[in-house]
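Asker: Residues per chain are reported as follows:
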Amino acid sequence: MRSGKRICKEEALRGCGTKWKNAVCKTAIMLLLVCVSVLDPGNLPEAAAADKISDTEGWSWDAAADQAPYFDGWVQDDAGLLTSDEEKALESECRRLFKIYGTGVYIVTTPNFGGGDIKDWQRRIFSQYDLGADCDGSGVMLAISMAERDWGLVGFGSAQEAFSTYARERLGSLILDDLSDGEFYEAFSGYLSIADDYLAAAEEGTPYTERHRYREGWRLPVILGVSFLLSLGISATVVIAWRKGMNTRVRQNGAMEYLKAGSFYLSNRSDLFLYHTVSRTKKPEQHSSGGSGSMRSDSSGTSGKF
Amino acid sequence: MDFVQYKCPCCGAALRFSPGAQKLSCGSCGNEYDLETLRQYEKEEERGSGREEEQELNWEYQREAQGAKRTEDGKYICPSCGAEIEADENTVSTTCPYCDNVVVIRASASGEYEPDVMIPFQIKGDQARQMLENFCGGKRLLPKNFRDRSYLKNLKGYYVPYWLFDCDASAEMSFNATRTRAWSDSEYDYLETSYYLVNRAGGMEFYHVPVDGSTEMDDDTTESIEPFDYGALTEFNPAYLAGYETDKYDVDAKAAEGRAKERLYRSAEQVMRGTVSGYDTVTVKHRHLDAKNGKVHYALFPVWMFETVYNGKKYQFAINGQTGKMVGELPVDRGAFWKYLCGFTAIGTAICSILGILLFGGVL
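Order-wise, the sequence lines are chains C and P.
Each residue of the first sequence is one higher than the one before, starting from 40 at the first, in the numbering used here.
Each residue of the second sequence is one higher than the one before, starting from 280 at the first, in the numbering used here.
The hints are simulated quantities; they were obtained by calculation from the structure and are not laboratory data.
Built from N, CA and C at the ideal position, the CB exists for glycine as well.
It cannot be assumed that every hint is accurate.
Stated by the list, open to error - Per label pair, the in silico range of CB-to-CB distance:
{"id": "1", "chain 1": "C", "residue 1": "A300", "chain 2": "P", "residue 2": "K432", "range": "39 to 47 Å"}
{"id": "2", "chain 1": "C", "residue 1": "T276", "chain 2": "P", "residue 2": "P506", "range": "26 to 34 Å"}
{"id": "3", "chain 1": "C", "residue 1": "L305", "chain 2": "P", "residue 2": "G622", "range": "54 to 62 Å"}
{"id": "4", "chain 1": "P", "residue 1": "I630", "chain 2": "C", "residue 2": "R319", "range": "51 to 59 Å"}
{"id": "5", "chain 1": "C", "residue 1": "E296", "chain 2": "P", "residue 2": "E524", "range": "26 to 34 Å"}
{"id": "6", "chain 1": "P", "residue 1": "N433", "chain 2": "C", "residue 2": "L305", "range": "49 to 57 Å"}
{"id": "7", "chain 1": "P", "residue 1": "K302", "chain 2": "C", "residue 2": "K321", "range": "26 to 34 Å"}
{"id": "8", "chain 1": "P", "residue 1": "K571", "chain 2": "C", "residue 2": "I273", "range": "20 to 28 Å"}
{"id": "9", "chain 1": "P", "residue 1": "K618", "chain 2": "C", "residue 2": "A300", "range": "49 to 57 Å"}
{"id": "10", "chain 1": "P", "residue 1": "G510", "chain 2": "C", "residue 2": "R290", "range": "21 to 29 Å"}
{"id": "11", "chain 1": "C", "residue 1": "R290", "chain 2": "P", "residue 2": "G361", "range": "46 to 54 Å"}
{"id": "12", "chain 1": "P", "residue 1": "A300", "chain 2": "C", "residue 2": "S318", "range": "48 to 56 Å"}
{"id": "13", "chain 1": "P", "residue 1": "G603", "chain 2": "C", "residue 2": "A300", "range": "23 to 31 Å"}
{"id": "14", "chain 1": "P", "residue 1": "S463", "chain 2": "C", "residue 2": "V265", "range": "40 to 48 Å"}
Working from the sequences, and respecting the hints, build out all of it.
Answerer: If you want it as structure tokens, here you go:
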């Protein structure tokens with residue numbers, strides 16, 4: 040759990056709306072900027088923005104008011120799912136992806152996003168914190184909310200090309216097991232690795248879509264294995280059938296051929312009804328949506344339960 | 280006054296009379312029964328239990344033996360030329376080396392039997408050899424020594440001794456049977472199961488159930504070449520034996536009757552079971568099988584027999600000398616078996632892999 044400020048609930052975000060609070064916010068911001076500029080001219084907001092890409096520590100935007108949202112770096116672990124080492128490792132990988140592809144790759148965790156569609160919450164966060172400012176609005180965000188057990192993956196700007204519906208659903212299904220098992224670092228590492236593949240393919244002009252599917256690396260051994268098993272099965276069937284044809288002896292089951300025609304008679308025949316039983320089973324309930332792990336996609340986002 | 284306590288056919292608990300329904304009801308499972316139903320049920324239960332499944336049957340043999348023409352030192356005399364003939368006690372017929380006459384060696388007088396019926400050969404030697412050659416022709420797993428035709432000379436014609444059993448079989452059987460009915464409403468799926476006690480009793484006649492009387496002949500083989508057409512059954516005549524080998528039985532009728540009874544009782548049960556229809560499940564509860572008026576005949580039936588030994592194991596192949604039905608076991612060359620299996624698998628794997636790679640394009 041990070042000390043300091045957290046991303047507030049939507050109600051809190053919207054709650055910062057009274058005039059006098061805004062005035063206090065603006066005054067505090069001005070004072071802070073004055074102090075910072077006195078200490079180091081290079082740290083003025085404009086300069087900071089220009090140097091963001093080369094800043095090895097990432098960027099931050101400090102809000103003056105207590106309830107104002109706060110976003111620090113590429114990984115925002117408000118739910119406290121990662122150790123600080125894990126978070127640093129993920130941060131540096133996100134930074135590397137940003138340097139190579141110019142796309143912001145974000146990971147956000149929260150204890151409770153307030154309910155509703157997590158994708159809408161993600162879009163609000165992205166716009167609220169202006170996360171695409173450095174990369175022409177291009178970004179992708181994986182968000183986890185622990186209370187609702189929701190996950191969401193949303194593409195923004197030109198990154199939507201790399202993260203098509205097919206690509207997002209595939210990524211979601213690949214990391215779902217780790218999310219469900221609570222292996223969050225593994226899930227997020229997997230997300231970054233797959234995002235790297237997707238962004239590389241998009242850069243080459245061949246993003247992964249329904250028509251251009253990701254080729255799984257395990258395909259050739261599987262083809263060989265299946266071919267071998269299929270051939271073995273068919274060959275064994277043929278050769279064993281040949282072997283069976285070498286022994287045609289069959290012991291007789293009875294003596295029906297020796298039953299004298301017309302000699303059979305029934306001397307007693309009775310069918311006695313005794314009792315009956317009735318059992319019943321409840322019909323299974325129909326569910327409108329699938330169980331855990333089901334995914335829903337819209338034009339730029341995919342979400343589900345873990 | 281005798282007190283009768285009826286038990287529930289469903290769960291075995293004691294039944295009580297329910298004045299409201301005027302039936303006997305079970306406090307444990309809730310079923311209700313008419314008194315008449317229970318009386319019939321008890322009667323069938325008593326009839327079915329406590330009886331042995333089978334009873335001993337005495338077979339009536341058809342033809343007693345005549346005396347044998349044997350010298351004191353155990354040699355046989357040709358009735359045609361009076362010469363001494365070499366033969367053992369199991370030989371039924373042989374050819375006199377002096378006058379070429381077919382000589383039938385009569386059984387000795389100590390309780391043995393002469394054949395009373397037979398079926399003469401109708402399939403000739405050439406035909407039988409051709410049939411065997413055709414059968415072996417397509418068999419890729421035969422050992423190499425079958426490549427030439429020399430194995431065909433091992434095909435020989437035999438008259439095989441059989442015991443033919445006639446009897447009247449009777450069967451009394453009871454079955455547990457059920458019928459089910461299913462339906463549904465908006466909340467539940469229902470299944471109603473009705474339980475029945477089914478009884479059948481009856482009889483049937485079996486005519487000439489054959490069991491071979493020779494230990495030399497494998498029972499699987501002699502049963503497999505059935506049936507023989509009894510329309511061609513004729514009185515025993517030694518003239519038919521010429522040119523063929525004939526062995527006397529060395530399994531007597533008493534030893535053979537077990538197999539005959541096993542077969543005809545199985546058929547009797549099958550026939551009874553066939554009269555129980557209209558149920559979803561039927562299981563046998565009791566069975567009682569009986570046979571009477573047993574008669575046994577000693578017969579000779581024609582069989583073309585091919586025998587070979589491969590890797591220390593004997594293989595027999597037979598052709599029904601009357602109908603031409605072929606059955607038997609031929610040896611399998613294990614090397615050929617594995618060669619074909621591995622070869623087909625290798626070729627198949629190569630073809631399927633190429634097709635798979637072309638279809639799915641999975642080469643990265």
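Asker: For every hint, state whether the structure bears it out.
Answerer: Checked hints:
{"no.": "1", "hint": "C/A300 x P/K432: 39 to 47 Å", "result": "holds, 43 Å"}
{"no.": "2", "hint": "C/T276 x P/P506: 26 to 34 Å", "result": "holds, 32 Å"}
{"no.": "3", "hint": "C/L305 x P/G622: 54 to 62 Å", "result": "holds, 59 Å"}
{"no.": "4", "hint": "P/I630 x C/R319: 51 to 59 Å", "result": "holds, 54 Å"}
{"no.": "5", "hint": "C/E296 x P/E524: 26 to 34 Å", "result": "holds, 27 Å"}
{"no.": "6", "hint": "P/N433 x C/L305: 49 to 57 Å", "result": "holds, 51 Å"}
{"no.": "7", "hint": "P/K302 x C/K321: 26 to 34 Å", "result": "holds, 31 Å"}
{"no.": "8", "hint": "P/K571 x C/I273: 20 to 28 Å", "result": "violated, 55 Å"}
{"no.": "9", "hint": "P/K618 x C/A300: 49 to 57 Å", "result": "holds, 51 Å"}
{"no.": "10", "hint": "P/G510 x C/R290: 21 to 29 Å", "result": "holds, 25 Å"}
{"no.": "11", "hint": "C/R290 x P/G361: 46 to 54 Å", "result": "holds, 47 Å"}
{"no.": "12", "hint": "P/A300 x C/S318: 48 to 56 Å", "result": "violated, 22 Å"}
{"no.": "13", "hint": "P/G603 x C/A300: 23 to 31 Å", "result": "holds, 24 Å"}
{"no.": "14", "hint": "P/S463 x C/V265: 40 to 48 Å", "result": "holds, 42 Å"}
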